[in-house]
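Chemist: Residue numbers (this note's numbering), protein chains in the order written: chain A, 1 to 332; chain B, 1001 to 1332.
Some hints here could point you the wrong way.
Calculated lysine to any residue pairs in the SDA-like style (CA-CA distance at most 25 angstroms, straight line) [to be verified]:
hint, chain 1, residue 1, chain 2, residue 2
1, B, K1297, A, L119
2, B, K1145, A, K120
3, A, K120, B, V1303
4, B, K1145, B, A1032
Just so you know, these hints were derived from the structure itself, not from any lab.
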Amino acid sequence: MTRARELLARATNPTATVFILLVLVFAAVFAMNPGFFAGPSLMAFLKQAAPLVILAAGQYFVIVSGNFDLSVGALVGAQVVIAARLIDGEESRTVPVLIVMALFGIAVGLVNGLITTALKVQSFITTLGMLLVLYGAIRLWTGGAPTGSLSEAFRVPGRMGIEDVPVLGQIPWALLIMVALGAGAVLLMRTRFGRILLAAGDNERAAALSGARVDTARTLAFVLSGLSATVAGVLIGGFAGVSAQVGDGLEFTVITAVVLGGVVLGGGRGSVLAAMAGALVIEGLFTLFNQMALPATLRPAVQGAIIIAAVAYAARARARPVPTATATPTPS
Amino acid sequence: MTQRLAGPRLGTTALIYLALAGVLVVGGAAVAMDGGNLFATANLVDMLTRTSLTGFLAIGMTLVILCRSLDLSVGYTAALSSLVAATTMDGQAGNVPLAVAAVLLVSGFVGAFNGAVTAYLGVNPFITTLGTGLIIKGYLDTQYKGPAGDVPAVFQQFGYTRIGPVPVSALVMLLVAAAAIWFLRSTRIGHHMYAVGGDADVARMSGIRTGRTLLVAHILCGMTAGAAGLLLAARFGTGSAEAYTNLYELDAIAAVVLGGTLLLGGKGGVAGTVAGVAILAVLDTVFNVLQIDPFAKDVLRGVVIIAAVAIYARRQLDRHARRPRFAEGRAS
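Could you put together the complete structure from these sequences and hints?
Modeler: Following this line, the structure appears as structure tokens:
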């Protein structure tokens, strides 16, 4: 009896909600198109989903420590444009430009983090300002439309993979990068740094009074988010090519994914694995919309309704277990 | 008494009006060096015209932000309202009152939905209003392929007439602002908004219906977005779904925060917001007169917003140390 109840409690826990949602979405996808789970199409899906999953991991660090990063979409766009302009089709420039991009991502994260922690500007405003600055600066630099082109080597991570694998066909590099970074993120949350992040988001004062370097941890979270946007930029640029609209509105999709994963805006609660699962749910929804041949104009409406419903359900589940938790120590 | 302060300490609102004066002086000087005159009638008209649209949105946004909520759907609500207005008027001057009523009803309903989901289902307002925005966007994109409806000449006056250099729309905006200031200072529910934003739990334990307060704030915010939609319709002469692409919501939030209202709620006011709106309008006009590249405008705006909030943050820190929210002497 108690075991059953425990399982039930675990299933209604907000972190678990996202996994239930994941199963539901993919069951629906499977019902519409049984061929979806064949190796190649599943791999193609994961290749496309990888950037959002990586961004969700980066955003998770920022959100769980009690902040927002609204600048990631603009940063992804900026990175793609920077890459195209600096590489300009020259294969030999690929690696140096990747290093420049990484440094740029770190710098943007560092500026976001320092303005938020040292100058005490709310992160919503800091990163909103950064969004405007990046958006304007990139267009100013390129004169409105992106110029240059990416090299073939640059496009490998976003497009290629290990070919001729039995059953699966191609294992995309994007998937391997996603799994590696995801595992890294999960491990990172188990270190001292991860615990400080959670503590800072939960109760900043208590964390600071117990000796944690809250500001340092929060700044590092922004740097991680900047780096995740860089990796996502490389993957998206490789997969989809260069355009002026890359990254537009991506910040809201990413934050939605993280919140779908049961991570609480304001910080202190939620797991990085669930945040990444939230990104997969969103990508799954997009796939589902494709298969249902839902008119493109109607998709945002359905997406909006599902997000509100899912988060409302998770909020209900979060509110409920509290009274039962105090009543658990009954003899069986 | 601290020595560095001569005379009484300036209130936050006074400081913001001082900042506005400073922006006017610096902007005027910059334009004068360029050989122009910022205070020429044409420029003044431009400035005042710019204030009205953001002004309407920012007044409502102030109310929800005071309650520690947020509304990211106002741009979409305004676009929807402009369509409702233009299609209801349909070129007939006699339909104007009906159209205004319909707009306020529809936009109030959108606000009520935001408020109810946020207050009673416990969904984070960021997600609620993002979702609502997506739902409206989906509806608009599906339903309206282009501009629709026809605004009679009488109502277009609302967009263009001016008394001296002051556009009627700006006057109406100031009237709404005055009403909002009165509402926050002199009504019970206005006071409740500060209490809910300051600490929702304490407010509830003091007998305030926090849910209802939040609901009212969101309804009023929706209705001011409706007023902005009416203005859009009057200016364009038709209803336009494309209006939402201008990201008015971010402008409005920036104006509110520039106006000294805390994003964390409980502190601030509409008087400051009006100054915040004016600062943004002056900046835009100055950039226009100086013919600064539109992309550079974005960069400068981002920098100004961050810098201004950083300056306020310094003061607030100061203040926080002196005046705790619940001083011992005042507890009953």
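Chemist: Confirm or reject each hint.
Modeler: Each hint tested on the structure:
1. A distance of roughly 23 angstroms separates the Cα atoms of B:K1297 and A:L119; the hinted pair therefore holds under the 25 angstroms criterion.
2. Among the hinted pairs, B:K1145 with A:K120 is inconsistent with the structure: their alpha-carbon atoms are about 44 angstroms apart, more than 25 angstroms.
3. For the proposed pair A:K120 and B:V1303, the alpha carbon gap of about 15 angstroms is at most 25 angstroms, so the pair holds.
4. The hinted pair formed by B:K1145 and B:A1032 fails the criterion: a straight-line CA distance of about 45 angstroms is larger than 25 angstroms.
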